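Visitor: Work out the full structure, taking the sequences as your base and the hints as a guide.
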Amino acid sequence: MKSNILVVDDEASIRELIGDLLETKGYRIVTASDGQDALSKMDTETFDLFITDMSMPNMDGMTLLKEIKKIQPLAVVIVLTGFSSIEGAVNAIQAGAFQYLSKPIKSAELFDVVERGLDYSSELYGPLLKAVDTSSFTINPTEPIILNGFTTEEIAEFLSLGKIRSFTSGEPINLSDDRNGSIIIVESGDVSVWMNNSNFDYLKKYDSWGEETIILPGSLAVNLRAESAVTIRFFERKRILDFFSYKGEKLLKRFIINISSSISLKWRKSIQRIIMLKLVTHEN
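If you count by our numbering, then the sequence shown holds residues 1217 to 1500, one letter each, in order.
It is worth saying that the hints were derived from the structure and are not from the lab. It should be emphasised that the depicted structure is a prediction, and the values quoted were computed from it without experimental measurement. Any given hint might turn out to be false.
Subject to a maximum C-alpha distance of 16 Å in a straight line, what follows is the list of computed EDC-like cross-link-like pairs (lysine to aspartate or glutamate) [stated by the list, open to error]:
#1 Lys1421 - Glu1443
#2 Lys1463 - Glu1373
#3 Lys1469 - Asp1458
#4 Lys1285 - Glu1325
#5 Lys1379 - Glu1452
#6 Lys1420 - Glu1403
#7 Lys1421 - Glu1227
#8 Lys1420 - Asp1253
#9 Lys1319 - Glu1227
Guide: Below you can see the structure in the form of structure tokens.
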């Protein structure tokens, strides 16, 4: 299987040069024009290695590095830097980057660092990814998993049940003031998920949380926190059950299948992340 590499640089000529060189070695290359574009591509694809420029508008390489590490704690990231930014590259290494490359890019040096980075990535990820593989799940990034297979009209009707709430960065998000719990769907922004003071997941647009309350009412032993300005749609369990009582058994069965898939994917990804974090911090 070809290694999947994401190349991030705001200069098209640099992206194309690196992509063309690495494609001659048989790697599959995906490019992004800035940090936000890179994070969007990570929503739908998994990468074996990342190459990012340090100096970019909107989101610099150091910020992107930290965001990548939130999603993939053991991600292998190579940073690109000009001669005047060597100090920044060293700081990136201290923040978890694998290695840095100086511009202008030299093909032999690029090939060597990428090969070593992929070997390192394989050593870290290989056995773990096979043990908790999540690739069998198909995710449509344009709608919540729990509404997969619903018609456009049914999605609109379901979403109308929810109440929109906004949160500022750092603000805790209370899942429910009701013992019966609720489901949330993230409309915008980033949400971190915590258990026993450990951050084990991140939620983005269209991600949901609290599906378990449909099957097993009651609060969950997790805490949610806004990592940016966040908008969330809250759904009360009773209103959801009333909705499916009206819509009929067929749609309810589809919904139960969806929430089961969502829960399974979520917890398998969380287990993978927890294991990776333990490896990174050398905890037992």
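Visitor: Hints the structure violates: just list their numbers, smallest first.
Guide: Of the numbered hints given earlier, those the structure breaks are 4 and 7, listed in rising order.
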